[in-house]
Amino acid sequence: MNKPIVFALLAAAMTACGPQVPQLGRASVDEVVEAMTLEEKAHLVVGTGMAGFSGENAVVGETRKLVPGAAGTTYPIERLGIPSVVLADGPAGLRINPTRESDSQTYYCTHFPIGTLLASTWDQQLVEKVGEAIGNEVLEYGTDVLLAPALNIHRNPLCGRNFEYYSEDPVVSGKIAAAYVRGVQNNGVGTSVKHFALNNQETNRMANDAHVSQRALREIYLKGFEIVVRESDPWTVMSSYNYLNGIYTSENPELQTAMLRDEWGFRGMVMTDWFGGKDAVAQMVAGNDMLQPGTDKQYEMIVSGVKEGRLDEAVLDRNVKRILEMILRTPRFQGYRFSNKPDLEAHAAVTRQSATEGMVLLKNENEALPLSAGTKRIALLGCTSYDFIAGGTGSGNVNRAYTVSLLDGLKQAGYELDGELKTAYEQHIAAENERNRPDTTNRFAMFLPRPRPTEMMIPAARLQALAKANDVALITLGRTSGEFLDRKKADFELTREEKALLNDVCRAFHAAGKKVVVVLNIGGVIETASWKNRPDAILCAWQAGQEGGNSVADVLSGKASPSGKLTMTFPVHFADAASSANFPIDMAANMDISNSGEKKNSLKNVDYTDYEEDIYVGYRYFDTFGKEVSYPFGYGLSYTTFEYAAPRVETTEDAYLVSVQITNTGKRAGKEAVQLYVAAPDRATANKPEKELKAFAKTRELQPGETETLVLKLPKANLASFDTASSAWVVTPGSYDLLLGASSRDIRAKAAVDAAGSSVPVGDLLKPQGNLRLLERSGR
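Going by the numbering used here, the sequence shown opens with residue 1, and the numbers climb by one from there.
For the record, the hints were derived by calculation from the structure and aren't laboratory data. Please note: incorrect hints may appear among the correct ones.
List of simulated lysine to any residue pairs, SDA-like, C-alpha gap at most 20 Å [to be verified]:
#  : residue 1 : residue 2
1  : Lys716    : Ala679
2  : Lys713    : Thr651
3  : Lys688    : Asp754
4  : Lys559    : Glu367
5  : Lys532    : Ala511
6  : Lys499    : Lys559
7  : Lys514    : Asn364
8  : Lys489    : Pro451
9  : Lys514    : Glu416
10 : Lys627    : Val753
11 : Lys716    : Glu416
12 : Lys750    : Ala655
13 : Lys716    : Lys627
Based on the provided sequences and hints, a complete structural model is requested.
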């Protein structure tokens with residue numbers, strides 16, 4: 001048959017079938033939207049369901065098979081060429097099922113360091129590199145959008161999800177998140193920046209109302225999101241569960257549209273956190289484009305809302321268009337042939353190396369670390385030494401192939417460990433885990449952290465024998481946390497057994513002239529002031545991912561020099577934190593995800609939380625009000641020392657370029673994270689913090705005697721504070737002190753600039769509904 005006849009037959013067939021239906025990617029997005037039925041639009045803005053939670057929607061069987069274990073999918077509309085795309089949990093790595101039915105292959109992902117550790121590197125280039133490795137696994141396992149990073153503020157030490165978050169400071173949070181987003185999205189996959197906003201407690205997170213001043217919102221809680229939106233163009237943003245000043249965040253047009261889109265210029269799609277919000281119509285109007293994981297009730301609300309005139313179909317079309325624009329960018333739409341075989345070995349090397357740079361050396365008396373060349377035998381103590389914690393639980397967990405314990409890491413580094421001690425600990429841990437076996441009837445059990453084993457007590461005679469037989473003692477103290485519940489106050493303190501172990505080991509080994517090193521395998525702040533004088537060295541290793549034991553061994557041995565610094569303050573007492581009077585302490589966990597019933601406003605810190613500390617979060621409070629701390633924000637030691645010299649300021653049209661020379665004055669190679677703080681001229685009288693972080697940078701690895709000049713950019717607009725009365729960012733004219741420090745309380749070099757006054761009005765948005773008794777500094 002010749003070609004003209006073939007073409008004629010095809011044309012006739014197409015004519016017989018009626019006009020062509022627009023196809024996504026061939027026709028314009030507007031044409032595709034116009035061709036969609038109301039029901040198709042409603043399906044597209046609602047996810048396809050989540051097994052065991054929201055029932056079986058029509059397409060669950062189709063989409064669940066795409067990537068088993070992924071958190072959610074979008075609704076496919078085949079007749080318009082719209083595929084289903086896959087959304088999967090993050091932040092420490094891709095979370096999908098490692099095994100699949102009738103499939104012998106495994107689908108393990110790399111567990112990278114937790115967010116707090118990554119931020120503690122103070123290294124945006126390194127975090128971008130980690131993001132690239134995570135994004136590669138997202139791509140090669142056939143997922144399209146990673147539900148990460150999480151960058152809510154460490155408002156209180158007990159927040160259950162602090163391990164996923166970065167810092168008590170919005171500049172650190174925003175800059176690190178922006179680097180993470182750039183890294184992941186370099187692979188052609190998307191991210192979902194979360195949780196927007198004020199998800200700073202897990203207790204009653206589905207219904208808690210955060211009462212926050214406009215100034216604290218602008219300067220603290222939303223600033224990090226603004227930075228990441230402006231600097232890295234994330235594909236999507238995820239709205240949080242909670243209310244903000246009386247309105248669900250996912251139902252608030254001032255947050256989701258006026259601020260996020262109109263002020264900051266966000267161009268992507270907004271989705272809910274899973275089961276977030278109540279009113280699907282209000283969410284559509286607010287600009288929350290997609291509801292995940294999706295329920296039949298939400299679909300019905302949207303369809304009836306349009307038919308009954310409560311939802312303008314033009315608003316629905318707007319949201320559908322944003323979703324289609326996201327789908328167009330995805331690897332699945334573009335036909336990428338994923339391998340299901342990312343280079344896990346290479347990524348393990350990335351996580352091992354990156355973790356060492358975020359570990360914080362808190363104490364190092366008489367060069368106890370790195371361990372001397374003569375150190376061979378180590379008495380390894382503490383349950384966590386043998387049961388190392390890779391990361392937190394819940395959506396922040398990663399199904400990895402292994403976790404390197406500290407025992408294995410030290411062995412691989414060539415150290416000798418006591419076999420009898422290992423056996424005793426393994427038996428003790430097994431018995432404790434049996435005692436703490438999770439309730440398998442609880443469908444949330446897989447998300448909850450298992451209680452840590454109670455520490456094993458070791459008789460004095462046995463400790464004396466260990467001190468005689470070993471060169472050094474190493475004690476690991478562990479803490480874990482996760483989604484759904486906040487940490488208990490007791491979790492902040494050391495237990496009676498931990499204190500006894502620490503005291504007994506220090507007594508026995510110091511009597512024998514041997515040193516004691518403590519490793520903190522933790523996800524958030526714990527109490528250190530009462531016991532830190534006892535051991536010779538303390539290394540905060542955080543939770544370093546699957547290679548954690550190897551990473552710690554690299555630091556202890558001196559193979560890597562620690563260069564991490566704290567991104568949060570370690571208070572002396574829990575009650576010293578300014579938010580401690582307005583945080584849910586030791587409340588029962590609430591696992592309800594139904595959002596049923598009316599909004600409550602009776603139980604303080606559960607139904608509502610007053611952010612009365614206002615802008616005085618973390619070091620802004622401790623440094624302004626002269627409170628003693630155990631370790632200050634930005635603090636971290638090294639195996640070497642650094643000198644700051646020759647600070648200079650160059651003024652451009654819109655910024656100050658602050659340079660400083662950093663010289664390695666010690667005997668070992670190392671890196672230094674330099675922090676630039678600004679002190680406003682009117683801080684004592686205008687209710688401003690004593691100092692605020694505005695920029696940071698990290699040197700390359702400097703050899704002894706080597707110098708590097710760092711240049712930190714400070715936009716002039718960043719000198720502004722938010723003035724509620726005028727709803728404007730206001731720069732007070734005068735001389736601003738520029739403070740270059742190794743921590744917020746260790747300023748090494750200073751400069752100053754004379755700034756002209758300015759005022760930039762912004763929307764008068766997100767007002768609190770009642771009066772808040774806000775903390776203010778004296779002198780006003």
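Report the numbers of all earlier hints that the structure fails to satisfy, in ascending order.
-> 6, 10, 11 and 13
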